[in-house]
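A.B. asks: Sequence order for the protein chains is A and B. Using my numbering, the first residue of the first sequence is number 45, and each one after it goes up by one. Using my numbering, the first residue of the second sequence is number 93, and each one after it goes up by one.
Fair warning: there could be bad hints in the mix.
[As the list claims (entries may be wrong)] Computed cross-link-like contacts, BS3-like style, restricted to lysine-lysine with a CA-CA straight-line distance of at most 27 angstroms:
#1 B:Lys139 x A:Lys111
#2 A:Lys211 x A:Lys154
#3 A:Lys111 x B:Lys513
#4 B:Lys246 x B:Lys184
#5 A:Lys56 x A:Lys137
#6 A:Lys56 x A:Lys154
[To be verified] A short list of chain B residues far from chain A (calculated; beta carbon distances all over 12 angstroms):
#7 Pro135
#8 Ser181
#9 Leu269
#10 Asn412
#11 Gly417
#12 Ala472
Simulated from the structure, these hints should not be mistaken for laboratory data. Cβ coordinates follow ideal geometry from the N, Cα and C atoms, glycine included.
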Amino acid sequence: MADLSINFAGIKSPNPFWLASAPPSNSGAQIHRAFEHGWGGAVWKTIGPPVLNVSNRYGAWHYGANKMLAINNVELISDRPVDVNLREIREVKRAWPDRAVVVSAMVESKPEAWHTIVRQIEDTGADGIELNYGCPHGMSERGMGSAVGQVPEYCERITNWVASVAKIPVIVKLTPNITNIVLPAHAALQGGADALSLINTVNSIIAVDLDTFELVPSIGGKGGHGGYAGPAVKPIALAMLAALGSDPTVSGSGKPISGMGGIGTWRDAAEFLLLGAGSLQVCTAAMHYGFRIIEDLCDGLSNWMDSKGFTDIDAIRGKSLHRVSAFQNFDLSFRAVARINPERCIKCNLCYVACNDTAHQCIDQIPNSDRPQPTVREQDCVGCRLCYNVCPVENCIEMVQEPSGRTSVTWAEIGQSEPAVTEDWEAMQRYRSAHGIEIH
Amino acid sequence: MTNALTEQFPPLTTHEALVEANRCLYCYDAPCTQACPTHIDIPRFIKKIATANMLGSATTILSSNLLGATCARVCPVQELCEGACVLGSEHKPITIGRLQRHAMDHAFNHGLNGFLKPGPATGKRIAVIGAGPAGLSCAGELARRGHHVTIFEKRELAGGLSTYGIIVLREPVEIALAEADMIRQLGVDIQTGVDIGRDITAADLQSQFDAVFLSVGLGASPSLGIPGEDHVLDGLDYISRSKLDPASLLPGRSVLVIGAGNTAIDCATVAKRLGSQQVTMIYRRTEREMTAYDHEYSFVKNEGVSFEFLAQPVRVISENGVVTGLACVRTRLTPHPEPIEGSAFILPADQIIKAIGQNRPSIAVLLGLATERGLIGVNADLETSTPGIYAGGDCIRAKGAASTVMAVQDGKLAATAIHNKVMANG
């Protein structure tokens with residue numbers, strides 16, 4: 045059994061799975077129940093100034109027959125008074141000393157307001173504070189949430205207000221609604237953050253109703269962008285996590301990152317860990333299936349770690365980060381071609397039509413006794429991998445590495461050694477013919 | 093036990109249909125479409141269900157097969173589209189028949205937004221004999237091309253076997269009648285209770301119409317040729333009563349069904365579901381030679397019907413006009429079934445039904461048409477030996493299994509040939 049426990053910027057929990065600051069962590073009763081199910085920690089739903097919520101606050105994107113590939117919401121921060129939340133936080137922490145209890149907060153952009161909330165949170169015995177700089181709706185219109193997260197200077201300044209008084213770890217939660225995630229991360233670290241977390245929800249409009257022409261969900265006839273979350277955002281979250289993990293300033297700071305955004309299974313969790321997450325936060329999956337999902341999150345992760353010979357979370361954390369690179373560093377001489385296993389092929393011809401209509405026209409229909417057999421013309425295959433992706437049969441199409449006959453070279457290297465090739469088509473054509481690169 | 097007189101499968105719910113439609117891979121050059129005798133673009137209609145374009149789904153089906161609602165229910169899908177589904181290799185082909193029914197139900201409940209309308213009038217008059225699937229399909233396709241079509245149907249209701257011969261478990265009468273009504277809405281005049289030779293002569297047909305399509309199906313059940321046969325119920329009659337006048341069918345306690353084709357299986361199913369305690373099918377050969385589809389055979393075994401193979405009826409036993417049993421002998425296959433001497437035995441029964449096929453249609457003789465194996469002979473255009481007279485459906489099915497979908501395709505092909513011919517004639 046692998047040891048799943050973590051120590052995240054000094055915050056300890058028996059496993060890396062925390063409920064994210066969201067509806068599942070709205071009350072002490074819910075978090076008690078979550079901890080009974082085995083969650084390692086919880087980030088309390090953001091406490092802060094008074095709010096009023098609306099009905100029809102969640103929209104969802106259903107893809108095909110699959111429900112809730114993503115959810116979006118216009119729910120605000122906790123609509124329960126701060127003192128009620130503080131009392132329950134204290135009770136939960138007293139009852140569950142081994143679990144991580146982190147409190148998300150968001151207050152007016154004034155130093156006194158932040159100092160007050162920090163002292164109140166610390167007084168409960170909570171393990172850490174998460175600064176909500178991500179909420180993309182409602183609070184941002186009041187100058188909080190993503191209104192802070194999207195401006196690195198604000199982000200740094202407020203982080204500094206908090207960090208200068210806080211005795212417990214301060215986590216800054218970043219909004220993905222920004223062009224370059226690295227800039228607010230730098231600002232947060234500059235402001236004194238002990239850790240980062242990402243991603244908060246993504247700006248989104250889920251749908252338009254084709255009968256009423258209203259947005260979905262319709263709030264008394266109106267709608268607007270809400271925070272997008274769930275399985276659909278995982279690739280965005282992974283990219284941002286990797287961007288921070290491979291940024292020298294962030295990784296050099298040694299400050300851990302709590303990863304979230306679309307984690308629903310232990311497999312997702314393992315990917316976040318491999319790209320450097322030090323703890324994992326989960327919301328939508330719990331909202332879809334309830335707290336019981338923690339069982340397989342832990343069990344699956346533990347079994348996978350055992351099968352790979354990893355004994356603790358640190359052994360896998362960031363293990364794939366050195367693989368994160370950029371196009372200019374990719375080996376242009378690397379060659380892979382698709383190969384279809386006729387024994388496994390069910391002849392649905394999805395590879396054929398995809399290649400023929402939208403890729404590189406290198407799959408032929410070879411006449412057969414039964415139905416024609418799609419077959420890759422390997423000399424013409426550019427290795428685009430579209431057929432591999434559309435094939436519905438497991439282990440039917442594989443991408444096979446083939447020698448290209450060329451020495452390894454990257455775009456960056458060509459740019460250095462033969463800059464004209466990168467600027468002029470004629471030079472490029474000469475380069476191609478010199479290196480036997482034929483594009484049909 | 094489910095009711096004998098309601099459709100076996102409930103309609104798919106919207107959610108079930110959505111899940112199933114999304115499971116479809118949307119094959120390119122799909123084998124299901126190739127396997128469908130009417131070449132319905134199956135992946136296309138299924139994807140339209142997945143996108144909630146139900147009208148588009150229904151019109152995709154109807155543009156290839158006007159009897160999509162019947163075919164959705166009665167097609168031997170295991171042998172055709174579903175049998176060809178590439179997901180069959182994972183043992184779970186798409187339930188194409190039920191999805192097609194889902195789309196067609198939607199069309200009947202919500203209309204077709206003018207999709208089916210008669211073409212610009214050509215002034216050509218076509219007679220169709222028989223309002224079964226082949227006739228309705230041919231008439232509908234001709235009407236869509238602007239021809240004036242009159243169907244002459246011998247029986248009281250249109251629909252042919254869909255109305256009279258498919259047990260309710262598979263297709264309720266209402267569906268068959270609604271389908272015939274759809275053809276009527278194309279401007280086709282369906283005259284029922286009209287018998288060729290009695291109410292209208294062959295000469296009338298040829299003089300009053302530019303072309304004739306024969307879709308008369310098959311004739312009555314042949315005789316068993318055994319003493320006491322007048323006590324034996326006719327299988328097709330038994331089924332049509334179960335559909336149109338179920339109250340008139342009194343279930344026997346112990347029922348024997350003579351024959352082992354699909355109709356025999358249907359009779360046994362109805363008898364069992366009407367409450368007969370013991371239902372036994374009697375066949376001169378073995379299960380290997382049965383003409384019923386494998387899935388029908390499995391179905392009826394699950395219904396609790398038993399079988400008496402290698403048995404040949406020789407005499408109906410009755411007391412005071414009431415059936416008490418059937419005297420039989422054992423047979424052996426040589427490979428023809430030969431009675432074994434001294435092997436006589438009696439199967440007790442209070443009801444005996446025969447379903448041993450149907451006679452050849454008599455209209456070929458009436459019209460002086462060339463025949464093939466007793467059925468109407470046709471060329472590749474489905475034209476008979478008399479120019480201008482075409483035929484399709486069971487009455488030409490000299491080879492291969494007769495089925496509704498084949499009849500629908502015959503009607504379609506004949507309509508094209510008739511159209512080309514009458515338009516070429518100017």
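A.B. asks: Look at each hint and say if it fits the structure.
C.D. replies: Checked hints:
At most 27 angstroms may separate the alpha-carbon atoms for a hinted pair to count; Lys139 (chain B) and Lys111 (chain A) meet this at roughly 18 angstroms. Between Lys211 (chain A) and Lys154 (chain A), the direct Cα distance comes to roughly 19 angstroms. Compliance with the 27 angstroms bound is thereby established for this hinted pair. Proposed proximity of Lys111 (chain A) and Lys513 (chain B) is contradicted: the alpha carbons are some 54 angstroms apart, above 27 angstroms. For the suggested pair Lys246 (chain B) and Lys184 (chain B), the alpha carbons sit about 42 angstroms apart, so the restraint of at most 27 angstroms is broken.
For the proposed pair Lys56 (chain A) and Lys137 (chain A), the alpha carbon gap of about 13 angstroms is at most 27 angstroms, so the pair holds. Between Lys56 (chain A) and Lys154 (chain A) the CA atoms are separated by roughly 31 angstroms; this puts the pair beyond 27 angstroms, and the hint is violated. Under the 12 angstroms C-beta cut-off, the non-interface status given to Pro135 (chain B) relative to chain A is violated; the minimum distance is some 10 angstroms. Distance to chain A contradicts Ser181 (chain B) as a non-interface residue, since its nearest Cβ pair spans about 5 angstroms, not more than 12 angstroms.
Against chain A, the non-interface label of Leu269 (chain B) holds: every CB pair exceeds 12 angstroms, the least being about 33 angstroms. No beta-carbon of chain A is positioned within 12 angstroms of the beta-carbon of Asn412 (chain B); the least distance is around 62 angstroms. Taking the minimum C-beta to C-beta distance to chain A, about 51 angstroms, the non-interface status of Gly417 (chain B) holds against the 12 angstroms cut. No beta-carbon of chain A is positioned within 12 angstroms of the beta-carbon of Ala472 (chain B); the least distance is around 25 angstroms.
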